[in-house]
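If you read the protein sequences in the order shown, they are chains A and B. Numbering-wise (my numbering), the first sequence opens with residue 12 and increments by one. Numbering-wise (my numbering), the second sequence opens with residue 12 and increments by one.
For the record, the hints were derived by calculation from the structure and aren't laboratory data. It is possible that some hints are incorrect.
[To be verified] DSSO-like, lysine-lysine: derived pairs with alpha carbons at most 27 Å apart:
no.: 1; chain 1: B; residue 1: 56; chain 2: A; residue 2: 516
no.: 2; chain 1: B; residue 1: 56; chain 2: B; residue 2: 112
no.: 3; chain 1: B; residue 1: 338; chain 2: A; residue 2: 555
Only a predicted model underlies this, so the values are computations on that prediction, with no experimental measurement involved.
One letter stands for each residue in the lines below.
2 protein chains.
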Amino acid sequence: MDADDPRRPLLGNAQANSRLRRVAAKLCSIESWKRRLPITIWLPKYSFEYLLRDAIAGITVGLTSIPQGIAYAMVAGLPPQVGLYSSIFPGLMYMLFGSCKDVTVGPTAILAALLAKYVARSADFAYLAAFLSGCFILLLGILQLGFLLDFISKPVISGFTTAAALQISASQLKSLFRISGSSGNTFFDAIINFFENIKTVQLWDTVLGISTIIALLLLKRATIKVSETATPFASRMAACWLNVVRARNALVVFAAAILAFILNLKDITPFALTGTIHGGLPKFGPPPFSTVVNNQTLNFEDMLAVFGGEGIVMPLVAILESIAIAKAFAGSTTVDATQEMLAIGMCNVVSSFAQSMPSTGSFTRTALNHASGVVTPAGCFFKAMLVLLAVTLLADAFYFIPRATLAGIIIVAMFSLMEVTIIKQLWRNSKLELCVYAVTVVCGAACGLEYGILAGAAADVARALARAARPPLHGTAFKVGNQDCVSLSLPGCLSYASAEHVQHKVRRLVSPAAAVVVMDGRHLYAMDLGVAENLVSVIVDLEKEGHRFLLWNFRRSHRLLMEDLHTGFEARFVDGPSIDQHILIGNGQADFKTNISRL
Amino acid sequence: MDADDPRRPLLGNAQANSRLRRVAAKLCSIESWKRRLPITIWLPKYSFEYLLRDAIAGITVGLTSIPQGIAYAMVAGLPPQVGLYSSIFPGLMYMLFGSCKDVTVGPTAILAALLAKYVARSADFAYLAAFLSGCFILLLGILQLGFLLDFISKPVISGFTTAAALQISASQLKSLFRISGSSGNTFFDAIINFFENIKTVQLWDTVLGISTIIALLLLKRATIKVSETATPFASRMAACWLNVVRARNALVVFAAAILAFILNLKDITPFALTGTIHGGLPKFGPPPFSTVVNNQTLNFEDMLAVFGGEGIVMPLVAILESIAIAKAFAGSTTVDATQEMLAIGMCNVVSSFAQSMPSTGSFTRTALNHASGVVTPAGCFFKAMLVLLAVTLLADAFYFIPRATLAGIIIVAMFSLMEVTIIKQLWRNSKLELCVYAVTVVCGAACGLEYGILAGAAADVARALARAARPPLHGTAFKVGNQDCVSLSLPGCLSYASAEHVQHKVRRLVSPAAAVVVMDGRHLYAMDLGVAENLVSVIVDLEKEGHRFLLWNFRRSHRLLMEDLHTGFEARFVDGPSIDQHILIGNGQADFKTNISRL
Numbered sequence: 012m013d014a015d016d017p018r019r020p021l022l023g024n025a026q027a028n029s030r031l032r033r034v035a036a037k038l039c040s041i042e043s044w045k046r047r048l049p050i051t052i053w054l055p056k057y058s059f060e061y062l063l064r065d066a067i068a069g070i071t072v073g074l075t076s077i078p079q080g081i082a083y084a085m086v087a088g089l090p091p092q093v094g095l096y097s098s099i100f101p102g103l104m105y106m107l108f109g110s111c112k113d114v115t116v117g118p119t120a121i122l123a124a125l126l127a128k129y130v131a132r133s134a135d136f137a138y139l140a141a142f143l144s145g146c147f148i149l150l151l152g153i154l155q156l157g158f159l160l161d162f163i164s165k166p167v168i169s170g171f172t173t174a175a176a177l178q179i180s181a182s183q184l185k186s187l188f189r190i191s192g193s194s195g196n197t198f199f200d201a202i203i204n205f206f207e208n209i210k211t212v213q214l215w216d217t218v219l220g221i222s223t224i225i226a227l228l229l230l231k232r233a234t235i236k237v238s239e240t241a242t243p244f245a246s247r248m249a250a251c252w253l254n255v256v257r258a259r260n261a262l263v264v265f266a267a268a269i270l271a272f273i274l275n276l277k278d279i280t281p282f283a284l285t286g287t288i289h290g291g292l293p294k295f296g297p298p299p300f301s302t303v304v305n306n307q308t309l310n311f312e313d314m315l316a317v318f319g320g321e322g323i324v325m326p327l328v329a330i331l332e333s334i335a336i337a338k339a340f341a342g343s344t345t346v347d348a349t350q351e352m353l354a355i356g357m358c359n360v361v362s363s364f365a366q367s368m369p370s371t372g373s374f375t376r377t378a379l380n381h382a383s384g385v386v387t388p389a390g391c392f393f394k395a396m397l398v399l400l401a402v403t404l405l406a407d408a409f410y411f412i413p414r415a416t417l418a419g420i421i422i423v424a425m426f427s428l429m430e431v432t433i434i435k436q437l438w439r440n441s442k443l444e445l446c447v448y449a450v451t452v453v454c455g456a457a458c459g460l461e462y463g464i465l466a467g468a469a470a471d472v473a474r475a476l477a478r479a480a481r482p483p484l485h486g487t488a489f490k491v492g493n494q495d496c497v498s499l500s501l502p503g504c505l506s507y508a509s510a511e512h513v514q515h516k517v518r519r520l521v522s523p524a525a526a527v528v529v530m531d532g533r534h535l536y537a538m539d540l541g542v543a544e545n546l547v548s549v550i551v552d553l554e555k556e557g558h559r560f561l562l563w564n565f566r567r568s569h570r571l572l573m574e575d576l577h578t579g580f581e582a583r584f585v586d587g588p589s590i591d592q593h594i595l596i597g598n599g600q601a602d603f604k605t606n607i608s609r610l
Numbered sequence: 012m013d014a015d016d017p018r019r020p021l022l023g024n025a026q027a028n029s030r031l032r033r034v035a036a037k038l039c040s041i042e043s044w045k046r047r048l049p050i051t052i053w054l055p056k057y058s059f060e061y062l063l064r065d066a067i068a069g070i071t072v073g074l075t076s077i078p079q080g081i082a083y084a085m086v087a088g089l090p091p092q093v094g095l096y097s098s099i100f101p102g103l104m105y106m107l108f109g110s111c112k113d114v115t116v117g118p119t120a121i122l123a124a125l126l127a128k129y130v131a132r133s134a135d136f137a138y139l140a141a142f143l144s145g146c147f148i149l150l151l152g153i154l155q156l157g158f159l160l161d162f163i164s165k166p167v168i169s170g171f172t173t174a175a176a177l178q179i180s181a182s183q184l185k186s187l188f189r190i191s192g193s194s195g196n197t198f199f200d201a202i203i204n205f206f207e208n209i210k211t212v213q214l215w216d217t218v219l220g221i222s223t224i225i226a227l228l229l230l231k232r233a234t235i236k237v238s239e240t241a242t243p244f245a246s247r248m249a250a251c252w253l254n255v256v257r258a259r260n261a262l263v264v265f266a267a268a269i270l271a272f273i274l275n276l277k278d279i280t281p282f283a284l285t286g287t288i289h290g291g292l293p294k295f296g297p298p299p300f301s302t303v304v305n306n307q308t309l310n311f312e313d314m315l316a317v318f319g320g321e322g323i324v325m326p327l328v329a330i331l332e333s334i335a336i337a338k339a340f341a342g343s344t345t346v347d348a349t350q351e352m353l354a355i356g357m358c359n360v361v362s363s364f365a366q367s368m369p370s371t372g373s374f375t376r377t378a379l380n381h382a383s384g385v386v387t388p389a390g391c392f393f394k395a396m397l398v399l400l401a402v403t404l405l406a407d408a409f410y411f412i413p414r415a416t417l418a419g420i421i422i423v424a425m426f427s428l429m430e431v432t433i434i435k436q437l438w439r440n441s442k443l444e445l446c447v448y449a450v451t452v453v454c455g456a457a458c459g460l461e462y463g464i465l466a467g468a469a470a471d472v473a474r475a476l477a478r479a480a481r482p483p484l485h486g487t488a489f490k491v492g493n494q495d496c497v498s499l500s501l502p503g504c505l506s507y508a509s510a511e512h513v514q515h516k517v518r519r520l521v522s523p524a525a526a527v528v529v530m531d532g533r534h535l536y537a538m539d540l541g542v543a544e545n546l547v548s549v550i551v552d553l554e555k556e557g558h559r560f561l562l563w564n565f566r567r568s569h570r571l572l573m574e575d576l577h578t579g580f581e582a583r584f585v586d587g588p589s590i591d592q593h594i595l596i597g598n599g600q601a602d603f604k605t606n607i608s609r610l
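Start from the sequences, fold in the hints, and give me the full structure.
Shown next as structure tokens:
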């Protein structure tokens, strides 16, 4: 029996039972539990070759994680070492729970930007945010609520990312030019602050920042192509250069720090420096459930109130980023979204016990990991170890990293986040979706990123509702013998919001001359009560004016509903052979004519 | 060219221009302005016979408006005369602007219940609510935003009405049994209060209240059937009796007041009475834009803050009630919803200058008006005059109306508001819509009526989104020669929320053996960017696995979009003759086979 068949029974008990059984079987099998701890799958097959490749990739990624970790801690307004801790512990957890070899977990610019306004009150909010976000993500994963993310559309995600890139870049103008004032909570705040304080621009920081940006952009583009006939030396040099390109963030920071160190020896400090970093291991312990702000003690409830409803955007963004990245690098294998949520949830919950900010998959570092040829999630282990070494041994050296260099690194990273091609695509194909994108970007830039994503999602809902309210209804006039007939084909879904529209439209499409009106319900799979009521009432009204109605191939459930609303309505329903079974073609024409001439 | 034709051009400039011209023509014609002041249409044709019939209907309705006006003022917690003023001025305005002869405007139980919590602070909120609601409704009418009401579905309206009837009945238990305590802001509050104070029940008020209910129910059912052979005297008696039945509310109140008056002469006052009414004309003047509550002066902004976001429910309910009533009594003529909004808006704005509470169409009084044979909106004039006479001349007599009698009248009026048959209909046909109904009733009864309607509307949106996220996709396997083929028919609308689902489903429906996959886009009229992206990506992936795709009869806009996302995608599209033009049948089969064999 075809699903479009009007005689198809409603969802039976058998179907529900088999579903229950499937879930039960899944819960009891060892395989499905192993999938929840993917290390049990890849570790037994681990080889020395894998180890080498993972180590190389891990160290390459680690060299980027260090400057980015410090930079993103700066974006959030946290001490630099927090950004490093947030690269270490999530990396270790992801090795246990992560299902995608390429994904690299750590602090990201967007999460840092979302966090900044809470950290402005107390750094404790960062650790609590990591804990709560982790719990929320775990909950979504356990309850299999990942489908909720389907309601954040592509234009909203792009708009949000673009707004975030704009805001984060703008917030770095302060460090890049070493101007006074605040870096602002929104893009517009930051821009206004920049122009208000433009007279305080410092020459040397500006020169260093701009040089950083230029150096990074040049290095990114400077790839050497080796012909196949090249000497072994030439190809080895090219491979070496590739590694230089990949470690460009670390190199730039290293160069700038050396410069600052040498100038410092000569007692010149033209740049704003990162300053003292309290290296070593973090203080382990539960995340802070109370804090002190301006001499006032805030308990857990007060802290929750500070996060408010929009605090939910942080975990949502964390999942969105991470799953989008996993999908982008999964190739043709499918991504287990539930497992990714469990992994990211665990990363955040565990790392919140070690002074970390919220973390998730990072696009730039994941791309680097992939390009460096990582084979298993063990790459995360090597990255974490490198960062751990750095924070324990090199903390004093970080003192000399100029802030303008870090700002330059952040701004360059933001260039790749801005999504502009989507504007062209949407302009050409869907102006309304472009509006959703614009709403997200403008709200995000003007009121804050959280409000951008919420406004975008709301605009999408409005668009979906507007569409549900105006389903297309087409009428075709034709003749059977001498009789004027009209056929009305109903769309797939008549939702409650379309009740008024359907009634008006039917009245308009039925021309006064039409003796017989054929309403084609073949494709109608869902009809709400309000629509059925209005449809029955307009049909009964039009029958009083002399039209005759033939309701063709309606589903059993819709026939029952309409009969329920108007006793005796049943007589108008006629079934013909289901056309779709014959693909685009059937032998219904004969039946159809017979039915009309019988009237 | 058929609308389903894939070659159909997008909305052209010509179409947009003609629409503009239509709107301009509408604005300039005298006819369309006359429609905005319907009295200019019916008054020139007015006759003496109309006058007689309108007067009879108006007086009959007026006799019900007086007790109901006093009773609903009581529900809102306002002085009784306010309920009467709210019958007078809106009635006069509706005579000018109303387009439905039957509709009777005045205070309603639901609006009164919504108003009660604001009036508990100060009566000034009632007048301001009338003004603001009126302005809001006028605005909706002028901006033609009536379509927004389409998003409140039948189950939500029924659920809201039922919750309102429950709450209003429960709030009257206090007066019916004359118990102590408050009447509560919600159904549950009122019920809890009733049981907490059940020991304070007063015998005589209870007896009078219950007698009122029984008398009203008996009178309602006591119609006399006159056979056609009856004497003129018998049929005159029957007509007389019908008038008694119609004026039953007034009669019951009259009887109870006489009883209280007589007992009062003998110095016995067993019942709680309405008490002194400050009759006469209201104080005319602008509605209060500031007020004093507990010795604190609230300015306009503070008052707005008291109404809050949920204050918007009052005007919405006013329009919903009024338009639903107009439709119920319009018969086969269509209701001009915009004009109804303008009329109700004017009623409220103007009456707020004369100490009135918000008013809208009342179901019981409109039904009475219709049954009494009203011919034009002039019936409202006679009703208003009768109420005006009562409030100026009889105000002292109202002193003796027992509160228990008014409570009885309200409770009986509520019986007819409760919608229970819809539960049976929804149970049989749509359990999910039943959930929406239940959410509305439970939230309305537990948290307050505004929250009920908002929760119901939100539940409906969730239902619409869930449906958009899971569109039906069917696959049919068939053979052309030796080739295994699968045809996938896409539904009418693929919204952003379905992007993930569509990708998974396509992957599942395409069996590994299928050499050719035909994707049928005939019915697809809307596809969002995210869906197109995922569709393109899954098609490209599956092609790598050896399947070949044929995209059949897609619209031009969707073809452009997919080509835009993946250059070279165009080659997969094939158009055949549009099947729908031949109604259920076409000659596409041959073309279709040719195309497949050409691959």
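Within 27 Å, alpha carbon to alpha carbon, are residue 56 of chain B and residue 516 of chain A?
33 Å, violated
Mind checking the alpha carbons of residue 56 of chain B and residue 112 of chain B for me, to see if they're no more than 27 Å apart?
14 Å, holds
Between residue 338 of chain B and residue 555 of chain A, does the CA-CA distance stay at or below 27 Å?
18 Å, holds
Comparing the model with each earlier hint shows a violation of hint 1 alone; every other hint is respected.
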